[in-house]
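Q: Residue strings, one per chain:
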Amino acid sequence: MHTTDAAASEPGVFANGIWKQNPVLVQVLGMCPVLAVSNTTINALAMGLATASVLILSSATVSLLRHWIPPQARIVTFIMVIATFVTCVDYLVQSISIELHRALGAFLSLIVVNCLVLGRAEAFASQQSVRRSLADAAGMGCGFLFALLCLGTVRELVGSGQVFGYPLLGDRYQGWAIMLLPPGGFFSLAGWLMFFRWWTLRRHSASGSTFQLSGPTDG
Amino acid sequence: MSQTSLNKTANPTSPWQIYLVVVGVGVTCGTLILAVHEATRQRITDNRAAYRDQAAITVLPGAIRVTSFRWDDTGQGLSGHWVADGDRQSAETILAGYDPAGALVGVAIEAAGRGYQDTIRLIYGYSPTQQVILGFRILESRETPGLGDRVETDSAFVDQFRGLPVQAIDRGNEEPRVELGGADQQRAWQVDGISGATVTSRAVARTIAESVARWFPRIEADLSTLREAHL
Amino acid sequence: MVEATNPESLWSIFIRASLVNNFVLAYFLGICPFLGVSGKLQTAGRMGLAVAFVMLIATVCGFAIERVLDWIDAPFLNLISLIAVIATTVQLIEMFVKKVSPTLFRALGIYLPLMTTNCAILGVALFQSNHGYGFLQAVVFGLGAGVGFWLALVLIAGLREKLDLVDPPDLVKGTALTLVLAGILSLCFMGFSGIGGGS
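Chains as they are written, first to last, in my numbering: chain A, 43 to 261; chain B, 2 to 232; chain C, 38 to 236.
Just chain A, with the same shape it has in the complex (with noise of 0.2 Å):
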């Protein structure tokens, strides 16, 4: 786990999480929700947002009871602070509209086991202030909103030439339907992990200095 930016101030530990550490195109963690509601941007933004709110939601209240937590009991007690979150937001979401809780359907509870949110209550919010917790828990969330984002926007431009169902590129387009699939979404995460190795590798070399890429780590 990162826990490398532990100096940062609050803006620079939640522009950490949005770019150099964006927990999905950097450090690959939380990947079932990314690949499996990214056919469309409108369900990237939901779940996006909806994972967002589960992580700051329980980052806070995992670092407001991190005194009194006994080591041992820390995974099960994170957990089912995570498990209420995502019980609540699944509540909200379905008195929002049913429309979407159903484009979302099992995906919304399975973020109870999405690796970044447990990932950020061990090793950022149970050992730092609620201050940075927060200011962590916001960043990691935009960028994995972010990353959410990026990738459900290439997969409905070129799946069926519309975003956020708008046609953009005409009623002649024929779309490519492999891009909306579940092999289209592992296409185009491999295709976004490559730019944004080429672009980090780019800076740096421009830069001179020498710069340990995080690879895959484990989530």
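Don't take each hint at face value.
So the derived list for chain B, only partly shown, Cβ under 10 Å to chain C, looks like this [as the list claims (entries may be wrong)]:
{"id": "1", "residue": "Gly-25"}
{"id": "2", "residue": "Cys-30"}
{"id": "3", "residue": "Leu-35"}
{"id": "4", "residue": "Arg-115"}
{"id": "5", "residue": "Asp-119"}
{"id": "6", "residue": "Leu-140"}
{"id": "7", "residue": "Arg-143"}
{"id": "8", "residue": "Val-159"}
Footprint (simulated), chain B over chain A, 3 or more residues, beta carbon under 8 Å [said to hold, decoys possible]:
{"id": "9", "region": "121-135"}
{"id": "10", "region": "212-225"}
If you're looking for bench data, these hints aren't it; they were derived computationally from the structure.
From the three backbone atoms N, C-alpha and C, an ideal C-beta is built for every residue, glycine too.
Place chains B and C on chain A using the hints.
A: Chains B and C alone, transformed into the frame defined by chain A:
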């Protein structure tokens, strides 16, 4: 939160303390879930009902309001009757749609069947007066985009179900057999499929046919309740 | 929410859960261990078996929990009870593996405790209730899903062992290459669509 303040002073490695914290957190979490559940329950129920009513109206042309009915199987065989009730979430409920004058347009029924990839859920309208299917709408499917999902968009396929006759074949004292299609179409899957989506289009036709066969006798047995609900 | 019965045959459920709707390649569940422990064929095979076993247990637990919660009229506690039961089961298995085979325990490393947060395990428990299966059907579903997970893990591990012999460009090394492989595998598994017999 009394448990948590207790733990602050105690030795955190004692099994009882761990147990207490876990139970304490569990109880707090359960209470929180219960609170949110109670707070959102009414809206969720309303949303679900509105979603289903909306779907029902799209397959019942001319209907402006719907009422849900549940089949009450009081006696043996078909001696039950329809009961109007508010539970619109059960798959065992049908929705009857009425025009502005209060006359029965038709009933909307939800059905599910196996498609190419996974289960297809759909809702279709049936007119008991004309004994025809009025149309259908897919509620949920994971069929191949660009191929299987054309069952919703291919107008030639969708139009076949507008006014598709339903025939009851009397077989004496057994339940009547019900089939889709007119005299020239002897079997359910003689509905023309879509090339490239053969399995999905057959699945839609078969799902509707099986569902009609199941509900037809009950609708016939107590049609007057459905008819007179808004007269 | 719980439908009366699902008339699907056991054989069809098994084929559909393991091949047509493969948990890893069609539903994207359990991607983390799929990417993380698939470097070596032997480890991957054992990890696959461990996860498949927990998936089977989770299905049975999920079935039981749903009935109990239905009976006490508290379906909103479903998720939290499921995850608590899974966490306990994983803990027990961890202790068991540590005692029986310390080598395997070291080989699985962090991925053994991480089984708690394996989407495939919670997913199988949630999906069986969505399908409205009876007890035997649910067990077969859990078994099929587990076999499917094991199969996907072993397949990708075999491919990655071969890939160690080649020298890809720096850019695609690592996760990106594995994801492309997974995409191709997923494409192959799409060929299974439609099999498993009619309903």
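Q: Decide, hint by hint, whether the structure agrees.
A: Going through the hints against the structure:
1. Gly-25: With a closest approach of 14 Å, the Gly-25 of chain B hint is violated.
2. Cys-30: holds, 6 Å
3. Leu-35: For Leu-35 of chain B, the interface hint holds, since the closest Cβ of chain C sits about 7 Å away, which is under 10 Å.
4. Arg-115: holds, 4 Å
5. Asp-119: Holds: closest Cβ of chain C sits about 6 Å from Asp-119 of chain B, inside 10 Å.
6. Leu-140: violated, 14 Å
7. Arg-143: Hint on Arg-143 of chain B: holds, closest Cβ of chain C at ~8 Å, below 10 Å.
8. Val-159: Val-159 of chain B check fails; min Cβ-Cβ to chain C is 22 Å, beyond 10 Å.
9. 121-135: Check passed, 8 qualifying residues.
10. 212-225: Held - the region 212-225 of chain A has 4 residues with a Cβ nearer than 8 Å to chain B, which meets the minimum of three.
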